[in-house]
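Student: Below are the chains, spelled out letter by letter.
2 protein chains.
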Amino acid sequence: MKLRVKIFNVEIGELRSVVNVEDAEKIGVTTRDRVKISAEGGHVVTLVSITNSREVSGPGEIGVFADVLKRVSLEDGDEVDVTYVPPPPSVSLIKKKMAGGRLTSEEVEAIIRDAYEGFLSDVELTAFILALEYRGMDVDEVESLTKAMASVGNRLDFGDSLVVDKHGIGGVPGTSKDSLIIVPIVASAGLLIPKTSSRAIMSPAGTADTMEVLAPVDLTAEEIVEITKRVGGVIAWTASANLSPVDSVFIERVEYPLSVDPESLIYASIMSKKYAAGIRRLLLDIPVGPEAKVESMRDARRIGRNMADLGERLGIHTEVAISYGGQPVGRCVGPALEAREALEILASGGKGSRSIVEKAVALAGILLEMGGVAPIGYGEKAARSILESRKAYQKMREIIEAQGGDPDVKPEDIPVGEYKETINAPTSGYVAAVSNKTIVRIARAAGAPRDKGAGVRIFAKRGDRVEAGQPLLEIYAESPAKLQNALEVARASPPIRIEGMVLEVIRERSLIRGF
Amino acid sequence: MKLRVKIFNVEIGELRSVVNVEDAEKIGVTTRDRVKISAEGGHVVTLVSITNSREVSGPGEIGVFADVLKRVSLEDGDEVDVTYVPPPPSVSLIKKKMAGGRLTSEEVEAIIRDAYEGFLSDVELTAFILALEYRGMDVDEVESLTKAMASVGNRLDFGDSLVVDKHGIGGVPGTSKDSLIIVPIVASAGLLIPKTSSRAIMSPAGTADTMEVLAPVDLTAEEIVEITKRVGGVIAWTASANLSPVDSVFIERVEYPLSVDPESLIYASIMSKKYAAGIRRLLLDIPVGPEAKVESMRDARRIGRNMADLGERLGIHTEVAISYGGQPVGRCVGPALEAREALEILASGGKGSRSIVEKAVALAGILLEMGGVAPIGYGEKAARSILESRKAYQKMREIIEAQGGDPDVKPEDIPVGEYKETINAPTSGYVAAVSNKTIVRIARAAGAPRDKGAGVRIFAKRGDRVEAGQPLLEIYAESPAKLQNALEVARASPPIRIEGMVLEVIRERSLIRGF
Chain A
307 MKLRVKIFNV EIGELRSVVN VEDAEKIGVT TRDRVKISAE GGHVVTLVSI
357 TNSREVSGPG EIGVFADVLK RVSLEDGDEV DVTYVPPPPS VSLIKKKMAG
407 GRLTSEEVEA IIRDAYEGFL SDVELTAFIL ALEYRGMDVD EVESLTKAMA
457 SVGNRLDFGD SLVVDKHGIG GVPGTSKDSL IIVPIVASAG LLIPKTSSRA
507 IMSPAGTADT MEVLAPVDLT AEEIVEITKR VGGVIAWTAS ANLSPVDSVF
557 IERVEYPLSV DPESLIYASI MSKKYAAGIR RLLLDIPVGP EAKVESMRDA
607 RRIGRNMADL GERLGIHTEV AISYGGQPVG RCVGPALEAR EALEILASGG
657 KGSRSIVEKA VALAGILLEM GGVAPIGYGE KAARSILESR KAYQKMREII
707 EAQGGDPDVK PEDIPVGEYK ETINAPTSGY VAAVSNKTIV RIARAAGAPR
757 DKGAGVRIFA KRGDRVEAGQ PLLEIYAESP AKLQNALEVA RASPPIRIEG
807 MVLEVIRERS LIRGF
Chain B
307 MKLRVKIFNV EIGELRSVVN VEDAEKIGVT TRDRVKISAE GGHVVTLVSI
357 TNSREVSGPG EIGVFADVLK RVSLEDGDEV DVTYVPPPPS VSLIKKKMAG
407 GRLTSEEVEA IIRDAYEGFL SDVELTAFIL ALEYRGMDVD EVESLTKAMA
457 SVGNRLDFGD SLVVDKHGIG GVPGTSKDSL IIVPIVASAG LLIPKTSSRA
507 IMSPAGTADT MEVLAPVDLT AEEIVEITKR VGGVIAWTAS ANLSPVDSVF
557 IERVEYPLSV DPESLIYASI MSKKYAAGIR RLLLDIPVGP EAKVESMRDA
607 RRIGRNMADL GERLGIHTEV AISYGGQPVG RCVGPALEAR EALEILASGG
657 KGSRSIVEKA VALAGILLEM GGVAPIGYGE KAARSILESR KAYQKMREII
707 EAQGGDPDVK PEDIPVGEYK ETINAPTSGY VAAVSNKTIV RIARAAGAPR
757 DKGAGVRIFA KRGDRVEAGQ PLLEIYAESP AKLQNALEVA RASPPIRIEG
807 MVLEVIRERS LIRGF
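Which chain is which? The protein sequence lines are A and B, in order.
Using the working numbering, read the first sequence as starting at 307 and increasing by one per residue.
Using the working numbering, read the second sequence as starting at 307 and increasing by one per residue.
Extracted from the complex, chain A is given alone in its bound form (with noise of 0.2 angstroms):
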């Protein structure tokens, strides 16, 4: 039936439109049902919010919101024809996937188009995202999934050169600098190596958050082939380059409300970027231990044969490193302190926390053996090298130049959070454990993603012997308020566990390749 338009300017983050009941039965439709909007322009298909009001929606009228316009232009008082359309196909493929069905490549492209063209209500596309956790998808689907969440987006096209990349499961707190002294070990070693990356979300710190700290992450697609053909890496962000953007819609709207992380979409979300990215070579660092994303070496095992399957089916070799992630990487944790730790790490040649440099050093190893620019054994030897004949040190300056940030920053100049208070050790002994979880939490009640100079400084890993009233930690926030609220944190469970004597033997780092 004809309707006038009416907009509502305000965006809701779903197509909806608005139509008064009289004419909601008229057209024969009812609450959550689809309409299309035909127009002079062009048409529209929206979801369908029912009301009573004449004031919002009288007869005759159809309220629009927004979110709809950016898909056809309407101005007040248009004339439009409104009819009702049954739910897009991909809404019964939604239904056969949570009875158990397998999808098709092509149906699963059918429910990913329409979930980043935003078609699918939240509640369709909550529905898929709890088929998925409860239902799985078997390898093929993963394939499907994966090369359908890539093609929606842009692609990095670097022609017949060896790219490589590496990639973190992540949940361990103190990880987000890794690649920022990866990245340039690689480069410098001839490699190209555009390593795009997440905010964080659960976490106090992603890669481009703290990449951020030292220069703009927010970069194009064309930036980001550019520069990595011009200086050899680049540590963007992967949303501005818009990469398998439908992840971020999956985790916006359905995954980081419930906390859920189905695993088939683990795989397709990490794999379905790297594919974008026009990556070769892919190596997985997979952290293990309590209170790790992942907890056992047997999971670790499964995702990490999974991905490397998954990758070969897209032309990605992967390999996979099982790392320690029993407790937080190197002694900083928070965007502006871990930056300021990756740099001190790259401008003194190597030294700083163990458990990051040697990280570092082996992951990048691997690389450079993947690579083929060192032979099989003597990664690691030679990417210490470049760490500290400070060539990589020299590399991030470019890498940070090239991203439009000061490579002349010096690690103190890099400022962190005002308010500090220090926690001291309540009695002597060792350190039994310290808390991945906690940390996070301490960590992010500070302040920090968003507070850059938010964080915690770690002084007693586990294994070490303190003395009472000795520094344990350091809370860094932006605001008294923040601090108090990280203290309160820190009070109600105590991140650092301190026993009288070692009760098992520690390995600070224990790193298999392979699985």
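The reader is advised that the hints may include incorrect statements.
One copy or any two copies: either way a pair holds, since identical chains are not told apart in the list.
Said to hold, decoys possible - Calculated lysine to any residue pairs in the SDA-like style (CA-CA distance at most 25 angstroms, straight line):
hint, residue 1, residue 2
1, Lys401, Pro596
2, Lys332, Ile557
3, Lys743, Ser504
4, Lys402, Ser741
5, Lys308, Arg377
6, Lys453, Glu528
Please keep in mind that the hints were generated in silico from the structure rather than gathered at the bench.
Since chain A is already given, all that's left is putting chain B on it; use the hints.
Tutor: Structure of chain B alone, referenced to chain A:
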């Protein structure tokens, strides 16, 4: 922080507000987090959307949708205090259920209360329903769910009277008229039967839609109690009495869009309404057959046993009748056609299609026995005598009048769709099947249940002999376009299948009492 209110005068079905990205960072919220808005007159918690547009919500402003104004009084320009609040505890309880945990009665209550109050987002509500679908609930949890759902709406109070009711599981077209025959028989026998029922969601006619042809059904809780006490029975709409209102929230927001119907929620949905309506003895009718909601006797017995167990826990003595649901019941489908058919049967003292007359008499008879007004084994006879003596017709006239309808309405006075078309048998033979699903689709395409006069009249049922060219069914619609829609459905998938011979013995009616 302090913000100025900007009202968006439109309801979106969620409590939601919109802040500018600059303020969001200061408040420390991201999209789909929650904020507490504190004003002079009180406070409210809403989900928050974040906008880049200064036109929508500039820095210093907070846009609020009309839904929010129902919770707290706000006007354009009001200064309010806006702070981050964590998700309500019910969100982590939903996550607990998603992970397969068992919910206590307090935990179930918290979820139901928040769902009813509108505190849960579509994403969270979907997660709850799908957790019930995939994880299930044990009988203790279902009891908690039932009581919690009943507790957020009205409760009907009949004192010490013996209040009985009958509920059909549905899924078979033509069953909306059952109650129009059963209720007056049972009320004539001196029992109280306050039948509340829903409108159609997926079917062409709910009991409330069909009764509405004869009298208003949107009665308040007080009216239902008063009429039932006065004339013995009522046939009203559950929603207007506000019995277990959260059920329709689940249906409208999640179950209908996704076509899901978790078994635990089927139990809780039915029994919460009966519990809230003060029912003491309940007869549950489960039609079984191909294309019915319940397709196997095994499922019917399991569902019946679970309902009886649940009833016992609620103090509602529940018996179960498993009836034949392999084809439509009676000869008419659609609100006006079914109201007419029921009234014809009542006015004629029981003349009409055996499949509806015998079913109604059998179910009413069981209720008379359950209510203690007929000896065991004699209920059906007593019910038949009430129907044949036209006492039931007289009682129905009283009920219609009490609800505000015209007691003198004649079946032939009831208006049905003026556009109609007959479909004839393409060949001679025996009717092998009448498809429930196709009859539903035809009747809905013809406009039912919104168009009361739309529907289908069926001339040949399973086992009947038909000759080529003889009418099989007649489609009624209120507009030529809808008649065309219905004819297209009927042509694409013929609803009545004719075979040259009877393939198997037909049981026209198979009523099993108990289980």
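Student: If a hint holds in the structure, say so; if it doesn't, say that too.
Tutor: Against the structure, the hints come out as follows:
Within a single copy, lysine 401 and proline 596 get their C-alpha atoms only as close as 36 angstroms, which misses the 25 angstroms cut-off; across copies the closest is 21 angstroms, which meets it. When the C-alpha separation of lysine 332 and isoleucine 557 is checked against a cutoff of 25 angstroms, the pair qualifies only between copies, where the shortest distance is 22 angstroms, while the shortest distance within a copy is 38 angstroms. For a Cα distance limit of 25 angstroms, the shortest separation of lysine 743 from serine 504 inside one copy, 20 angstroms, qualifies, whereas the shortest one across copies, 49 angstroms, does not. Only between protomers do lysine 402 and serine 741 lie at most 25 angstroms apart by alpha-carbon distance; the minimum there is 23 angstroms, versus 42 angstroms within a single protomer.
Taking the shortest Cα distances, lysine 308 and arginine 377 sit within 25 angstroms of each other inside one copy (19 angstroms), while across copies they are farther apart (35 angstroms). When the C-alpha separation of lysine 453 and glutamate 528 is checked against a cutoff of 25 angstroms, the pair qualifies only within one copy, where the shortest distance is 21 angstroms, while the shortest distance between copies is 60 angstroms.
When the structure is compared with the earlier hints, no violation turns up for any of them.
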